[in-house]
Amino acid sequence: DAGVIQSPRHEVTEMGQEVTLRCKPISGHDYLFWYRQTMMRGLELLIYFNNNVPIDDSGMPEDRFSAKMPNASFSTLKIQPSEPRDSAVYFCASSPKHRASGNTIYFGEGSWLTVV
Amino acid sequence: GESVGLHLPTLSVQEGDNSIINCAYSNSASDYFIWYKQESGKGPQFIIDIRSNMDKRQGQRVTVLLNKTVKHLSLQIAATQPGDSAVYFCAENTGGFKTIFGAGTRLFVKA
Chain V
149 DAGVIQSPRH
159 EVTEMGQEVT
169 LRCKPISGHD
179 YLFWYRQTMM
189 RGLELLIYFN
199 NNVPIDDSGM
209 PEDRFSAKMP
219 NASFSTLKIQ
229 PSEPRDSAVY
239 FCASSPKHRA
249 SGNTIYFGEG
259 SWLTVV
Chain E
52 GESVGLHLPT
62 LSVQEGDNSI
72 INCAYSNSAS
82 DYFIWYKQES
92 GKGPQFIIDI
102 RSNMDKRQGQ
112 RVTVLLNKTV
122 KHLSLQIAAT
132 QPGDSAVYFC
142 AENTGGFKTI
152 FGAGTRLFVK
162 A
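Residue numbers (my numbering), protein chains in the order written: chain V, 149 to 264; chain E, 52 to 162.
With the rest of the complex left out, here is chain V (with noise of 0.2 Å):
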């Protein structure tokens, strides 16, 4: 299996641009997470999917961020307007759907956001 798949894996823009990254999940999972990682506050769960369709947003910083899945294999996680404090690694994880296995999440090897 090739694991979560993410692009780009580096990014660097300048503050007010648009952000827009990609994952790709593990096929066959049903759950899709994006979190993000600082110094400052670790690892936080912005949102997640399950089927595609988002369960829970409560984690999404502010109206600037947004995030699709158009279909099971494929989500975007969009910042519009990017600011330098949203410098930060962007993961995707996916879990699957059976609980008997447990919640595990597997990680991408996340984007690394710069705003600069």
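Quick caveat, the hints were computed from the structure, so don't treat them as lab data.
These figures come from a predicted structure and were not determined experimentally.
You can trust all of the hints, since none of them are fake.
The calculated lysine-lysine pairs, modelled on DSSO-like cross-linking and capped at a C-alpha distance of 30 Å, are:
1) E:119 / V:245
2) V:216 / V:172
3) E:149 / V:226
4) V:226 / E:93
5) V:172 / V:226
6) V:245 / E:122
7) E:161 / E:93
8) V:172 / E:93
9) V:245 / E:107
10) E:149 / E:119
11) E:122 / E:107
12) V:216 / E:93
13) V:245 / E:93
14) V:172 / E:149
15) V:245 / E:149
16) E:149 / V:216
17) V:245 / V:226
We have chain V; now place chain E onto it with these hints.
For chain E alone, kept in the frame of chain V given last:
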């Protein structure tokens, strides 16, 4: 439990020694706990998990202990190796799929 990671606790151990990493979780309703390992430049990777109806679970070179009375988890790594150097996170889950991560502990293994 929102995690705050300004200064990660650090554990330094000699290669071959056993390591014990501790974690306090926040929600007494949490029923599933997971330990993750994060190496530099990579995403967190699953190590071992435990359900709230257990107090101990063993894997290969790793053991997780759960004390629900004091809401405490520990991860024990036997015969620690240089490749074990990483940041270790405990995570808690209250049902459903919302997993909350702790602040993390950095493990240094001295050769």
